[in-house]
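Participant: Using the sequences and the hints given, assemble the complete structure.
First to last, the sequence lines map onto chains R and G. If you're matching positions, the first sequence starts at 1 in my numbering and goes up one per residue. If you're matching positions, the second sequence starts at 252 in my numbering and goes up one per residue.
Incorrect hints may have been included.
Simulated crosslink set (SDA-like; lysine to any residue; CA at most 20 angstroms straight-line) [what the hints assert, rightly or not]:
#1 G:Lys274 to G:Gly312
#2 G:Lys391 to R:Thr91
#3 G:Lys343 to R:Phe11
#4 G:Lys274 to G:Glu255
#5 G:Lys383 to R:Lys88
Just so you know, the hints here were simulated from the structure itself, not pulled from any lab data.
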Amino acid sequence: MMVLSIALREFRSMLNSLLSWIVLAGMSLIIFLILVALVNAYLENPASSLESPGVTSTIVATIFYFSAYLFILIAPMLTMRSFSTEFKNGTSQLLFSAPVSMTEIVLGKCLGLYFFTLLISILPILVTLSLVFGTDLDNGLYMSSLLGFILVTFTFITIGVFASALTDHIGIAALGGLGIIMVLFWLVDLVASLVKVELLANALQYLSISGHAAAFYNGQVNSNDIVFFVLIITTFIVLTIRRLDSYRLQH
Amino acid sequence: MTGETLIQVEHLYRDYGNLRALKDINLTLSRGEVLGFLGPNGAGKSTTMQVISGNLAPTSGRVMINGHDLIEQPCQAKAALGYLPEQPPLYKELTVYEYLSYCAQLNRIARYETPAAIDRACERCGLVDVRKRLIGNLSKGYQQRVGIAQAIIHSPDIVILDEPTVGLDPIQIIEIRELIRELGTDHSVILSTHILPEVQSTCDRVVIINQGQIALEDSLAGLDARLHQGGYQVALANAPTITDLEAVSGVSKADPIDDARFMLHCEDDFNPASFTETAVQRGWKLTEFVPQNRSLEQVFIDITCNDTPQPGTAA
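Facilitator: Set out below in C-alpha cells:
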C-alpha cells in the first residue's frame, strides 16, 4: 500500500518531466529507423531455406536487443533524479520523517520506475507487432526476447536508482549509474577474456549482464539466467536500502 | 493537559567528523506544551530537530517519542510526529491537493478519511483558495503554509517546526504565529527559531542552545522575569538630586538622561507603587514612569556569550 503510493508518485513525476518525453521521442525515432533498416535488409535477402533464421529472429529479437542497448544510456537518465533531487530539494525529509521504512521507500521508487519502463517498452512492442500485418511471428521467441528486454531494463533501472542514492548531484548520479552498468554489461566480459585464471574468468563471466541476456534473444529461457537477474536486482535494492540508512549517519 | 511526556531526549551527542555539533542534549516535551528552541546560527538547532524527526542518526544518546524509541521502533515513533524542516519538503510539480493527499498516504491515513484530513489542514493553514494550484507557482509564504499543512495533516501529537517564519512578510509572520498558538492548544509543538519575539508571542517554555549545548531552560514567565531586571525611566518636572533618588528604597542607581528624566536601576525589592507615592509626597511632579524591559536580545546575548553553561538555572 505504502510502496504503491510512493511508486505512483514517482511514476507521475516521471510523466511530468520533460526529460522522460524527450527520451521517449528519441527512442521511438531510433527504434523506427532500426526497424526500417532491418526490414530493408531482410527484403533484399529473404530467408530461402527452412534452416535460415526467420523474421522473428532477425528483426524482432534484434529490435529488443538494440532497445536494451539503448537503455544503457536511457536508464541512468530516467533514474538520476530519483533520489538525488529528493536529497537536494529536501523532500527526502518528508519520507524520512513519515512512518515509512527505508525498504518501502526504495521498493516504491523502483516500482514507480519499473512502471515507467513498462510504458516505454510499449514502443518496441508496438513496432515489432506491426510486422504481424505482413507475416507470422514466432510467439515463443517473441515472448522470450521481450522477457529478456524487460529483465535487462529493470536491472539497469535498479542500478541507476542505487547510483542516484549515492549523491545529491544528478550529473554524478547519471554518470555513476552509466559507469556501473557499463562495467556489469561489457567490462566484466572484456576482463574475463583477458584473465588467465580459469576460476576468476568464470566468476567474472557469470557477472556479465550481456552474457545472461543473450540466450533470451535466441528463444531460450534458462532458470539460471532468470535467477541471475533476480539476484542482481535484489542486490542493488538492498544496497540502496543500506545506503539510505547510512545517509542519516553521515550527511 | 500537561503531565504526559511525549518527547524525551537523553544525552544526545552528534558529531560531524571532528566537529561536535551536539553535546549532551537533554529535553522533555509534555502534552499540550509549546517549546521554544532558541539559539544563534550554527548553535545546533536544526541538527537537534533533524535528530528528533528521524532524519539524522545521533552519534550517541536516545530519543523516545510517545514511549517508542526512535531507532528501535521508528515507524511507531514517527507516526506521532509532524515535521517541517527549514526548507519545506515540497514537490513543486504537484498541486497543493495532490501533495497533501500524498502526505496523507505516507502518514497512513485511511483512504476514506483523506479528503476530510486535507480539508482540515487546508482550512487551518489558509490554503482553501489555492488547493488546485501548483506548489511551484505559489509565493514563499503560501509554500511555507503548505509545509505546515503537511506537518499537521495526520493530527500528530507532536509538531516540530524549524524556523517556520523565515522569509515571510510581516502579515504572514503574524498569521503563522497565530497558527502556531492555535496548534499549541491541541498539539505539542517544538518551535525552533532565532527570532526572540516569536518565542514571547507563542511559547510556554524556552530552551536556549549555544554551541551544541543547552545554555538555559526556563518557563516563559521565568524568562520574562529576567527581562524585568531592566529598571524604570522616570520623568520628574520638579527634579530632585541624584542622591535623593538613590535614597529611595530599592533604587540602586539613578542616571540622569536630561534635566527632568532619570534612568532608575533597581534591586529586586523595588516597589513601583511606593516609589510613585514617595514622588507625590515629596512634590517631585511625576510625569512619566516607564518600565524599561531588558530586551530578550540582551538576555540572549548575556547567556550565549557566557561560556560556562548553566542548565536549568531559574530566574
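Participant: Compare the structure with each hint and give your call.
Facilitator: Outcome of the hint check:
The straight-line distance between the Cα atoms of Lys274 of chain G and Gly312 of chain G is roughly 10 angstroms, inside the 20 angstroms bound, and the hint therefore holds. A hinted pair counts as satisfied when its Cα atoms are at most 20 angstroms apart, and Lys391 of chain G with Thr91 of chain R qualifies at roughly 16 angstroms. Our distance criterion of 20 angstroms between C-alpha atoms is met by Lys343 of chain G and Phe11 of chain R, whose separation comes to about 15 angstroms. With a C-alpha separation of about 26 angstroms, the suggested pairing of Lys274 of chain G with Glu255 of chain G is violated against the 20 angstroms cut-off.
For the suggested pair Lys383 of chain G and Lys88 of chain R, the alpha carbons sit about 25 angstroms apart, so the restraint of at most 20 angstroms is broken.
When held up to the earlier numbered hints, the structure conflicts with 4, 5 and fits the remainder.
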